[in-house]
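Residue numbers (my numbering): 1367 to 1471.
Because the hints were derived from the structure by calculation, they are not lab data. A portion of the hints provided could be inaccurate.
[What the hints assert, rightly or not] Listed next, with one range per pair, are the computed distances between beta-carbon atoms:
id : residue 1 : residue 2 : range
1  : 1376      : 1462      : 33 to 43 Å
2  : 1373      : 1425      : 31 to 41 Å
3  : 1468      : 1405      : 28 to 38 Å
4  : 1391      : 1418      : 33 to 43 Å
5  : 1466      : 1410      : 18 to 28 Å
6  : 1425      : 1403      : 26 to 36 Å
This structure is a prediction, so every number in the text was calculated from the model and none was measured. Backbone N, C-alpha and C fix where the C-beta goes; we use that ideal spot for every residue, glycine too.
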Amino acid sequence: GCKIHASCKRTYMESKGRLLPVGAWRHIQNFTLSPSTGMYRATDHPFKMSIIQNTAITRSPVINEDMFLSLVDFQTVLGGSLKTCLLIGNYLRNLLIYCTLVASG
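Construct the entire structure; sequences and hints are all you get.
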């Protein structure tokens, strides 16, 4: 696995964020991947993920905490004391591993 940058427009944060509580497993569908460019890239991954208006977030029937991080609450992230690019990157790396496992059956 590897790290990937993810973003969500502020206008979607309330509607999408409430569907992503800390510690909950979710399926995320209908997002975009685009080339990651510029000098302030959060990761070395060549693409970045964007949560968009029609992104669908649903509960996941699969729960396997052994292969995933234990994420911190949103207020701690907003506090600025964490390295957010690492938090987001590790989460998405593990999300991509999970999606690969689900897709392979």
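- Is 28 to 38 Å a correct range for the gap between the Cβ atoms of residue 1468 and residue 1405? holds (35 Å)
- Honestly, do residue 1425 and residue 1403 meet the 26 to 36 Å range at C-beta? holds (34 Å)
- Query: At the C-beta level, are residue 1466 and residue 1410 separated by a distance inside 18 to 28 Å?
  - Reply: holds (20 Å)
- Query: Does 33 to 43 Å hold as the CB distance between residue 1391 and residue 1418, or does it fail?
  - Reply: 21 Å Cβ-Cβ, so the 33 to 43 Å window is violated.
- Item | residue 1425 and residue 1373 - C-beta distance against the hinted 31 to 41 Å | This hint is violated: roughly 23 Å between Cβ atoms.
- Item | 33 to 43 Å as the expected CB spacing between residue 1462 and residue 1376, which holds or is violated | violated (25 Å)
Checked against the numbered hints given earlier, the structure breaks hints 1, 2 and 4 and satisfies all the rest.
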